[in-house]
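Given the coordinates of chain A, work out where chain B should sit on it, guided by the hints.
Protein chains in written order, with the numbering used here: chain A, 1 to 87; chain B, 101 to 187.
Check the hints yourself; a few may be wrong.
What follows is a set of in silico ranges between Cβ atoms, one per label pair, in the way DEER data are often shown [what the hints assert, rightly or not]:
no., chain 1, residue 1, chain 2, residue 2, range
1, B, ARG159, A, ARG59, 38 to 44 angstroms
2, B, MET101, A, PHE68, 39 to 45 angstroms
3, A, ARG26, B, GLY132, 25 to 31 angstroms
4, A, ARG26, B, ALA166, 16 to 22 angstroms
5, A, GLY32, B, ALA122, 36 to 42 angstroms
Read the hints as simulated data drawn from the structure, not as lab findings.
We put the beta carbon where it would ideally sit given N, CA and C, even for glycine.
There are 2 protein chains.
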Amino acid sequence: MPAFEVLVEVTLRPGIADPQGATIERSLPLLGVGGVSGVRVGKAIRLTVEASDDDEARRVVEDLCARFLTNPVIEDATVSVAAASMR
Amino acid sequence: MPAFEVLVEVTLRPGIADPQGATIERSLPLLGVGGVSGVRVGKAIRLTVEASDDDEARRVVEDLCARFLTNPVIEDATVSVAAASMR
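If we strip away everything but chain A, and leave its shape as in the complex, we get:
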């Protein structure tokens, strides 16, 4: 069965406070860096999924996100399926 490399980007939903991002943004002027705004820190989860095609790989991972990987009250998940390799 082919194996698909999948990236899940988990972001805090708009309006949810992001203390990590706020701390980074507050520190930038002290480092002499200007022109950077809107810093938000999320998670990037990479996994390998064995599936018959990329639609099935996406379905498996979206199910995992809803049940387990994210908290849908405060987080959004974006699933990207990359090229397959044969096993």
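Leaving out everything else, chain B in the frame of chain A:
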């Protein structure tokens, strides 16, 4: 000046232990999910950078990664610059 949306994916370098990823992977069979392996958990940092072009935006963010956003001993950073919007 145009503003660029930038995504920084911070991953643990190969060989660095990833307890979060290992815990997720160990839990999957208990949830009835098979065929998933190689789970690695990193950070996805999104920011908006004002710069004259996307090369300059990338340069600013790569400098930030090296100085501040990542620990280059244990982490790798991948910078992706997305389309610009005018401010």
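Verification of the hints:
| no. | hint | in the structure |
| --- | --- | --- |
| 1 | B:ARG159 - A:ARG59: 38 to 44 angstroms | holds (39 angstroms) |
| 2 | B:MET101 - A:PHE68: 39 to 45 angstroms | holds (42 angstroms) |
| 3 | A:ARG26 - B:GLY132: 25 to 31 angstroms | violated (44 angstroms) |
| 4 | A:ARG26 - B:ALA166: 16 to 22 angstroms | holds (20 angstroms) |
| 5 | A:GLY32 - B:ALA122: 36 to 42 angstroms | holds (39 angstroms) |
Hint check: a violation occurs at hint 3 only; the rest are consistent with the structure.
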